[in-house]
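Line by line, the protein sequences are chains P and S.
Numbering follows this note's numbering, in which position 176 of the first sequence is assigned residue number 176; successive positions increment by one, without gaps.
Numbering follows this note's numbering, in which position 86 of the second sequence is assigned residue number 86; successive positions increment by one, without gaps.
Just so you know, not all the hints are guaranteed correct.
[As the list claims (entries may be wrong)] Listed next, the in silico EDC-like pairs over lysine to aspartate or glutamate satisfying Cα-Cα at most 20 Å (straight line):
hint: 1; chain 1: P; residue 1: K24; chain 2: S; residue 2: D457
hint: 2; chain 1: S; residue 1: K417; chain 2: S; residue 2: D446
hint: 3; chain 1: P; residue 1: K452; chain 2: P; residue 2: D601
hint: 4; chain 1: P; residue 1: K24; chain 2: S; residue 2: E462
hint: 5; chain 1: S; residue 1: K428; chain 2: P; residue 2: E765
hint: 6; chain 1: P; residue 1: K511; chain 2: P; residue 2: E548
hint: 7; chain 1: P; residue 1: K503; chain 2: P; residue 2: D410
hint: 8; chain 1: S; residue 1: K225; chain 2: P; residue 2: D601
hint: 9; chain 1: S; residue 1: K225; chain 2: P; residue 2: E575
hint: 10; chain 1: S; residue 1: K417; chain 2: S; residue 2: E462
hint: 11; chain 1: S; residue 1: K428; chain 2: S; residue 2: D457
hint: 12; chain 1: P; residue 1: K768; chain 2: S; residue 2: D457
Honestly, the hints are just simulated from the structure, not real lab data.
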Amino acid sequence: MTAEPILRARGGVHSPVAHDSALKHVTGEARYVDDLPEPRGCLHVALVTSRWAHARLTGIDAAAALALPGVRAVVTAADIPGPNDIGPIVPGEPLLADGLVEYVGHPVAAVVARDYDTARRAAALVTMEAEALSPVLDLREAAARAHYVLPPTVFQRGEPGPAIEAAPHRLRGEVMVGGQDHFYLETQAALAVPQEDRDMLVHSGTQHPTEVQHMVARLLGLDMNAVTVEVRRMGGGFGGKESQATIIAGIAAVCARVTGRPCKLRLDRDTDMEVTGKRHDFLLSWDVGVDAEGRVLAVDMTLAARCGWSVDLSPGVVSRALSHADNAYYYPHARLTGLFCKTNTQSNTAFRGFGGPQGMMAAEAMMDHIARALKLDPLEVRRRNFYAPGRDVTPYHQTVEHFRLPAMLDALLASSDYDRRRAEIAAFNAGSPVVKKGLAVSPVKFGVSFNKPEMNQAGALVHVYTDGSISLNHGGTEMGQGLFVKVAQVVAEVFGVDLDRIKPTATTTAKVPNTSPTAASSGTDLNGMAAKVAAETIRGRMAAHAAELFGVAAGEVRFAAGRVMAGNKVLDFAELAELCHVGRVALSSTGFYRTPKIHFDRTTNTGRPFFYFAHGLSVSEVAIDTLTGEWLPLRTDILHDVGTSLNPAIDKGQIEGGFVQGLGWLTMEELVWDAEGRLKTHAPSTYKIPTARDVPRDFRVDLLADAPNEEATIFRSKAVGEPPFMLAMSVWLALRDAVASLAPAGWVPPLDAPATPEKILLAVEAAKRS
Amino acid sequence: MRDTIRFALNGRPLAVDGVPSHTTLLQWLRADGLTATKEGCAEGDCGACTVLLGTPADGTLDWRAVNACLVLLPQVDGRAVVTAEGLAAADGTPHPVQSALAEAHATQCGYCSPGFTMALAALAQRPERDDTAILDAIAGNLCRCTGYRPIVEAARNLPQVDAPAADASLAARLSEWSSEGLAYSAGAGRFLAPVTLAEALRLRAAHPDAWVWAGGTDLGLRVTKRLEVPGTVLFLGRVAELRGLRESAEGLEIGAAVPYADALAALTDLAPAVGDLVRRIGAAQVRNMGTLAGNIATASPIGDSLPPLIALGATIDLASPAGRRTVAAEDFVTGYRQTVLRSDELIVAIRIPRPAPGTRVAAYKIAKRIDQDISTVSAAFALRVEAGRVTAMRVAFGGVAARPLRATVTEAVLLGKPWTADTVAAAKAAVAADISPMSDFRGSADYRRLVAANLLDRLYLETTESTAPARLEAL
C-alpha cells in the first residue's frame with residue numbers, strides 16, 4: 001500500500017510549529033548554564049559589592065573570608081591580567097571597581113570557594129573601608145545639574161523655535177516614565193573552564209557571545225581565538241544579557257584564570273537586581289505648537305535618560321528614543337534633544353525596545369496632552385497627526401514608506417467595536433461614582449535595524465550529513481523568542497525537508513565569528529537570511545550534481561517534501577546527500593548577510609537607519625477604583641503587522657508576551673531606591689511583574705493578514721521581538737482617560753508611569769480638586 | 001525518634017543523612033542532578049521551583065504544589081516528592097500537562113516551565129477547571145515571556161489526571177515514616193519533628209532558641225536570603241493535636257499547623273470576605289505550606305490574617321509546659337515583630353467566633369498587584385446595624401503602623417450613630433488618630449492614610465442600596 005505523496009515538507013516557513021525545545025522545557029531536560037554538569041574541581045564564585053553609592057575605596061580586608069574553610073581565593077581588580085575595562089562603546093567601565101565605587105551594588109571583589117554556599121557566606125565576611133563621596137541619585141537633579149555621562153545629542157529637522165512661537169496654541173508638558181528590571185526568570189550565570197594553551201571556554205547566558213569573547217580575551221590578555229563562548233539557551237534575556245552578561249562572564253573567567261580551575265558565577269536574584277542595569281527611566285518634556293485641529297506644527301522635546309553610573313549602551317538607547325519620539329506622527333519642525341544623565345545607580349542598559357518605548361511615550365503623552373487641552377478627541381488627534389503622503393519625513397530625515405497604520409486603524413476600530421464601547425463607557429461613568437472606565441487607542445511604528453549600520457550583518461554555518469540530516473548554526477542566540485525554530489524553518493524550506501531533519505546547535509564563537517548581539521528584533525531577519533544563503537549554496541551544489549548525474553539542467557532539479565526531483569528521477573534527499581559525498585561535493589557552507597539600503601550619519605543624526613517599519617495598534621479598556629487607585633485591564637484588542645509571518649504561533653506569542661511585559665512596565669513595575677541609593681525593590685517579593693490575573697480578561701490578538709513586507713526580508717516577514725512591547729501604551733492612556741472622566745473637559749491628568757494604584761489615586765484626587 | 005530522613009523521590013524511596021539540616025529541598029534536588037526544578041528567587045515568589053509534595057492521608061497521598069526553595073529537606077521526611085523529571089510515564093510518554101503546555105505554545109524561554117508544569121499537575125488532579133481555579137493554581141508562578149494566555153489555554157484543555165501513582169506499599173511506608181518522630185542532625189544543625197503536643201512543648205522548653213517551624217514560608221527566607229543557619233528547628237507539622245480543624249455553632253478552631261489551604265473552605269463558610277482575603281495571601285504554593293498561626297507569630301506589621309481575626313474577635317490559644325492561656329488576637333502582637341509569646345510557649349490554635357446574625361464582615365486588601373503581593377493597606381470590619389444605627393463595630397487595619405491594630409478611636413466614633421454618609425465621613429476623619437503609617441516602596445504614608453479612610457466609604461457603599469459597583473470585583 002502506498003500513502004499519498006506528501007506535497008510539502010512539514011515545518012517549513014509560515015507554519016505554526018512549536019518551539020524546538022517546547023517539550024524539553026516542560027520536562028526539565030532543557031539545560032541552562034547552571035544546569036550543566038559541573039566539571040571536575042569546579043569552584044563557585046560570589047560577589048562582594050559596594051554598599052556606598054559613591055565612595056573612594058581605601059581598603060579591602062579579605063582575611064576573614066580567606067580563613068573560612070573551603071575558600072580558595074578573593075579576586076580583586078589587581079588580579080585581572082589584562083586591562084580592567086569592559087566598556088562596550090566607550091572605555092572606562094572597570095569589571096571590578098578599582099579605587100572608586102559608583103553605586104550600591106558595584107562589584108568590588110569575587111570570592112571563590114568550593115561550593116556556592118561557602119562562597120556567599122565568605123563574601124559577607126569581606127570588609128571594605130571607604131571615604132564616602134556625595135552621590136547624585138535623582139534623575140531630575142542630574143538633568144537640572146547637567147550631570148552627564150556624555151554630552152547631549154540632537155535630532156533636528158526644520159526650525160521649531162519660530163514655528164512654536166507662531167502656532168495658534170502652545171503647550172508645554174512633561175511626564176516621568178519609570179525604568180524596568182528585566183526579570184528574566186533565569187538570573188545571570190557563567191561557567192568558565194580553563195583549557196590547554198591558557199585558552200578559556202565560557203558557557204555564558206548571553207545575547208552577545210562575541211562581545212563576551214572579546215571582553216574575556218581583553219581581560220585575560222589573550223587573542224580572541226583563545227576564547228570560545230558558547231550559549232545553548234537563556235531563560236529570558238530581553239536586553240539584560242547583552243552588554244551586562246560580560247560582567248558575569250568576565251568575573252568567572254578571571255576567577256578561573258586566577259585559580260586555574262573551572263569557576264561558576266550564578267547570581268542570586270537579589271544580587272542580580274542590585275548589580276545589573278535596567279531599562280532607562282526618562283523624564284520627557286515637550287514644548288509644542290499646534291493648530292486648532294490639534295495638528296503638530298513644531299515641537300521641541302527633551303528626553304532625559306537616567307544612564308546610571310556609566311555609559312554602557314546608552315548612546316544607542318538614547319538614539320533610538322530620539323528616533324521614536326515621533327512614533328507614528330509627522331512633526332513639520334522638530335528639535336529632539338537627548339540627555340545622558342549620570343546617577344550613582346546601576347548602569348542602565350538594553351531592554352526590549354531599547355529606548356524606543358520611552359521615545360514613543362513622549363509622543364503619546366504629548367498627543368494626549370494636545371487632545372485634552374484642546375478638548376478634542378484623542379483618537380482623532382492621533383489620526384490627524386499620522387504620517388501621510390507629503391507629510392512623511394522623520395526628524396532624522398528618513399522618508400516613511402509603506403505606512404500601514406491608517407488602514408489598520410480602521411480595521412481595528414471596526415473589529416473592536418470602538419465607537420459603541422466609547423458611548424457605553426461614557427454612560428457607565430455617568431452612573432458610577434466609584435468605579436470609572438477608560439478607553440484608548442495607541443499606535444506603534446517601530447524602526448527595524450540596529451541604529452548602527454555596521455551591526456546589521458550575520459553569519460551562519462550549515463552542514464548536510466550523508467544521512468540527510470542537517471546541522472544548523474548561526475550567530476543568533478535563543479532566549480525563548482523562537483529564533484532557533486524560525487531559522488530552522490527557513491533551512492527546511494530551502495531543502496524541502498521536514499523540520500525534524502534540522503538540528504539547531506548551540507551558538508558558539510568557534511563556528512560563526514564576529515557576530516552582532518541578538519537584539520534590536522533583528523535575530524530572524526539577519527540570521528534567517530544568513531542561514532538561507534548557506535543552505536542555498538549547498539542546495540545549489542547538490543542540484544548541480546544531481547543535474548550532472550541524471551542529465552537534466554540544474555534549474556530543473558526540485559527539492560520538495562523530503563525528495564529531490566531531477567527530470568523523471570525522484571530520490572530521497574538523503575540519497576542525494578550520499579551521492580554528493582561519493583561525488584566529492586562539499587556539503588557544508590557558511591552564509592553571510594548584510595542588510596541593504598541603510599545608512600546613518602552619527603554626526604548629523606540623519607540618514608536611513610531603518611530598513612523598514614513594523615506597525616501595530618491596540619485598543620485597551622480599563623476600570624479604576626477611585627477610592628483606592630486599584631485598576632483592572634478589562635479588554636485589549638491588538639492588530640499587529642509581522643509582514644508574512646514565518647511562524648504565526650511564535651509571532652503571536654511575542655505579541656502577547658511583549659504586550660504584557662509593557663503593561664507591567666507602565667503600571668506595576670516600580671523601582672524604588674532609598675536615600676542612600678540602595679535599591680529597595682530587588683526581588684519578586686518587592687518588585688511586581690504581571691501575573692496571569694493581570695492580563696486583560698478579554699484579550700484579542702490578530703496578525704495583519706495578507707501583508708508581505710515590501711522590502712525583501714526573509715520570506716517577506718517582519719521583525720516581532722520588540723514592536724509589540726509598546727502596544728501596552730494604550731493601557732496607560734486608558735487609565736488617563738478614566739481619570740480624566742472625573743474632571744471637566746480641558747483638564748490634563750497628571751499621571752506618570754508606572755501608573756501604580758497610588759499614582760492613580762493621587763491623579764484622581766487632583767481631578768476631584770480641578 | 002528516627003535520625004535518618006526517609007522519603008520518596010519520583011516514586012522511589014530513599015534515605016538521606018549527612019546533609020546539613022537547613023538544606024532546602026531545591027538545593028538538594030539540584031545538587032543531586034535533578035535540575036528541572038529551578039531557582040528563580042529563593043523566596044517563594046516566582047514558582048520556578050514548584051514540585052509536588054505528597055503527604056500520607058487516609059491510606060493515600062494528598063498531593064500539593066509547593067515551593068521547593070522554602071521547604072527544608074528534613075521537612076519532606078515521610079512524604080513523597082515529584083519533580084518535572086518524574087512526571088512522565090514509565091515509558092517516557094509525557095504527562096498530559098506537559099503535552100498540553102508544549103502543544104499550546106505555552107513555553108518560550110522555558111525556565112519557568114517546569115514550575116508551571118508542576119502547578120498545573122496539581123490542578124489536573126482536581127475536578128474544578130474554571131478560570132478562577134486555573135488562575136488560583138498559577139498565581140504563584142511568574143512567566144516573563146508568554147503573557148500567560150497560552151498557559152491558561154493549556155490548562156483549560158487539560159483532562160483530569162490521576163494523582164501520581166504511588167503503589168499501596170509505598171503509601172503505607174510513607175504513612176509509617178510520617179507517624180514517627182524525627183530527630184535529624186548533621187553538623188551543628190538539628191531538625192526535630194515530634195508527633196505529640198506534649199513532646200513538642202518539652203522540646204520547646206528544652207530549646208528556647210529553636211526556630212518554631214510550621215510551613216516555613218516566612219522563616220525559610222531567613223535561611224535562603226539572609227543566610228542564617230538555625231541551630232535547632234522545631235517542626236510542628238507532624239503534631240496531631242495541632243492539625244485539627246473544628247467547626248461548631250460557636251465558630252471555628254484552627255490548629256496551629258493547619259495550612260491556609262486546608263482552612264480556606266471553613267473560613268469562607270464562616271465569613272466569605274475572610275475567605276476571599278486569605279485566598280490572596282501568597283499563592284497556592286505558599287498556602288499549601290503556610291499557616292495562620294505562622295502568619296500571626298511572625299508579627300509582621302502587615303500580616304494579612306490579623307486584621308480579620310481582630311475584627312472577628314478571634315482568640316489565640318497558647319500552651320507551655322506550665323499550662324495554657326488564651327489571648328485576644330488584637331493583644332497578641334505587641335510591637336514591630338514582637339508578640340506575647342514566651343520562649344517556652346507554642347501557639348496551639350486560633351479560635352474564631354461565628355459572627356452574630358446580622359453582622360456584616362468585610363475584609364479588604366490593597367496592593368500593587370492582585371495576586372501574591374503584600375498589602376500596602378489591609379482592613380477588616382465587623383459591622384452590625386440595627387434600626388439604622390451602628391450597634392456593633394470592630395475595625396482593624398494592617399500596614400498602617402508597627403503592627404496590625406484595632407482602630408478603637410474610629411470604632412468609638414461609629415458606635416451608636418446612624419449608619420449614614422455623614423457618620424462615615426466623621427469616622428474617616430478619626431482614622432488618622434488610630435494609625436501611624438510610614439512611607440516605603442509599597443506606598444507613601446499619605447496614600448496609606450487616604451486609602452485606610454476611603455475603605456470606610458467602600459464598606460458604606462457595599463452595605464447600602466446601590467446599583468453602581470463599589471469596587472472592581474463587582475464588575
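Ascending list of hint numbers which this structure does not respect: When the structure is compared with the hints, numbers 1, 2, 4, 6, 7, 8, 9 turn out to be violated.
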